[in-house]
Amino acid sequence: MYDFTYAKPANIADAVKTLAADAEAKALAGGMTFIPVLKQRLNKPSTVVDLSALGLNYIKLEGGKLIVGAMTPHGTVAASPEVKKALPALAELAGNIGDRQVRYRGTIGGSLANNDPSACYPAAVLALGATIKTNTRTIAADDYFQGMFTTALNPDEIITEVHFPLPEKAAYAKFANPASRYAMVGVFVAKFASGVRVAITGAGQNGVFRHAAFEAALSKSFTPDALNGITTPVDEMNADIHGSAPYRAHLVGVMAKRAVAAAG
Amino acid sequence: MAQISLTVNGKTVSADVESRTLLVEMLRDKLHLTGTHVGCDTSQCGACVVQVNGMSVKACTMLAVQAEGAKVLTIEGLVNEDGSLHPMQEMFREHHALQCGYCTPGMVMSAIDLVNSHPEGLTEEQIRHGLEGNLCRCTGYHNIVKAIAAAWPIMHNKVPMAAE
Ligand SMILES: Cc1cc2nc3c(=O)[nH]c(=O)nc-3n(C[C@H](O)[C@H](O)[C@H](O)COP(=O)(O)OP(=O)(O)OC[C@H]3O[C@@H](n4cnc5c(N)ncnc54)[C@H](O)[C@@H]3O)c2cc1C
Ligand code: FES
Ligand code: FES
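Chains A and B supply the protein sequences, listed in that same order. Residue numbers for the first sequence follow the working numbering, so the first one is 1 and each next one is one higher. Residue numbers for the second sequence follow the working numbering, so the first one is 1 and each next one is one higher.
Not one of these hints is a red herring.
Ranges of calculated distance between the beta carbons of each label pair, as one might list FRET restraints: (1) R93/B - F149/A: 41 to 49 Å; (2) K169/A - P160/B: 46 to 54 Å; (3) L85/B - K169/A: 47 to 55 Å; (4) T223/A - N53/B: 44 to 52 Å; (5) Q126/B - P178/A: 12 to 20 Å; (6) P160/B - L42/A: 50 to 58 Å; (7) G121/B - N57/A: 25 to 33 Å; (8) A152/A - Q126/B: 35 to 43 Å; (9) K11/B - Y247/A: 51 to 59 Å; (10) A152/A - M1/B: 37 to 45 Å; (11) D240/A - N116/B: 36 to 44 Å; (12) A79/A - R137/B: 29 to 37 Å.
Treat the hints as calculated values from the structure; they're not laboratory data. Ideal Cβ placement from N, Cα and C applies to all residues, glycine included.
This is chain A alone, in the form it adopts within the complex:
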């Protein structure tokens, strides 16, 4: 690992100032992605700005929305009575991210800032039409995800909160890579009075995406059978040693049906 200066600012303004002062400064949340990256010398930050003292670890229900602070660890979301009650699919998703030790430290803000194409939270945020709040603005999920490891965030912008609207029904079904637990394919379905939204992670060449054909069919009839015969374009699928593009396209349909069945 290259050496760097470590900073642990006590408020958001100072954290933003430190990040803005230096193009090579980088934020550190749970470190579950960033520290392995540093170990492999894939990144050479001048300053590492630890966000853990900004007071962003909280969960609350406000104005009919579930609000999760950016530094809230996955394990806290999974165990939260508020989340289990208001949005059980999110608690379930968080409780199956990585492993116990990853869930103690990995955060929702870090997961969304990183936007790994196989990460779980992006599917929930996109399917639920959540809003990402930063130190300067709010960004709709539909505008936020911009391809693999790419988001609408500016380099010195910090995610502070995620606001989730509460659906009538929702569920996440993941086919996990057995070694890493990341999604080979993960499907989040969310049914609102206004219609159904479906987001797929792990499968697409450009990271998380919405599945328009599934959404149309499920908005008419929210049943697994409504997805019979609807295919997913193979040429948009990711292929790697874990699964070919046709395999992933098939798995998208299977996992979507499982998610609908689980949502009930």
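Since the structure of chain A is already known, use the hints to place chain B with the ligands on it.
Okay, now just chain B with the ligands, sitting in the frame of chain A:
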């Protein structure tokens, strides 16, 4: 270099560390607590698991400076003053839950956190899910799961540890 102080196995310690020093490097190289192992580069194997403020964490994926002021417990800190083993260590021995032993310190530290976090009981399925962050290349896990199931009632004072 920064000087940090923290509590390790009940003792206050200070160490000079670089910002980039990992917690596991500080434990092994500065404090010579080599019971905590390193088995991978990808934060997947769990050989390095220690407890930080009661939570099991991968010491290879945390900077030493992040542990400033924290209470760290390593495998060396489990043994009782009279030299007797922690019930989890005793059950690992009793149930033959180790072969080469490389994964064992991390397994034991994860297992203790898992048992402590489930006072209401722990099913086999929960134990297996709880061990997803710890890889073992020898045992096939069955005896590890048995050892943890056996340690649960002892740690929650439901049964005393069986006499030899
Ligand atoms: C073994 C293992 C298994 C995993 N399995 C899964 C899985 O099954 N599913 C899954 O979804 N994820 C998985 N992960 C990823 C993990 O869950 C974390 O969510 C992820 O590593 C990023 O979160 P973090 O808090 O650790 O962020 P960090 O690693 O600290 O940061 C990641 C990036 O985000 C930036 N950043 C962090 N917080 C903010 C913020 N608030 N504002 C702006 N930028 C920010 C950092 O600068 C950095 O570039 C796994 C990780 C490991 C090590
Ligand atoms: S050494 Fe493998 S997870 Fe820490
Ligand atoms: S006992 Fe050898 S790796 Fe687990």
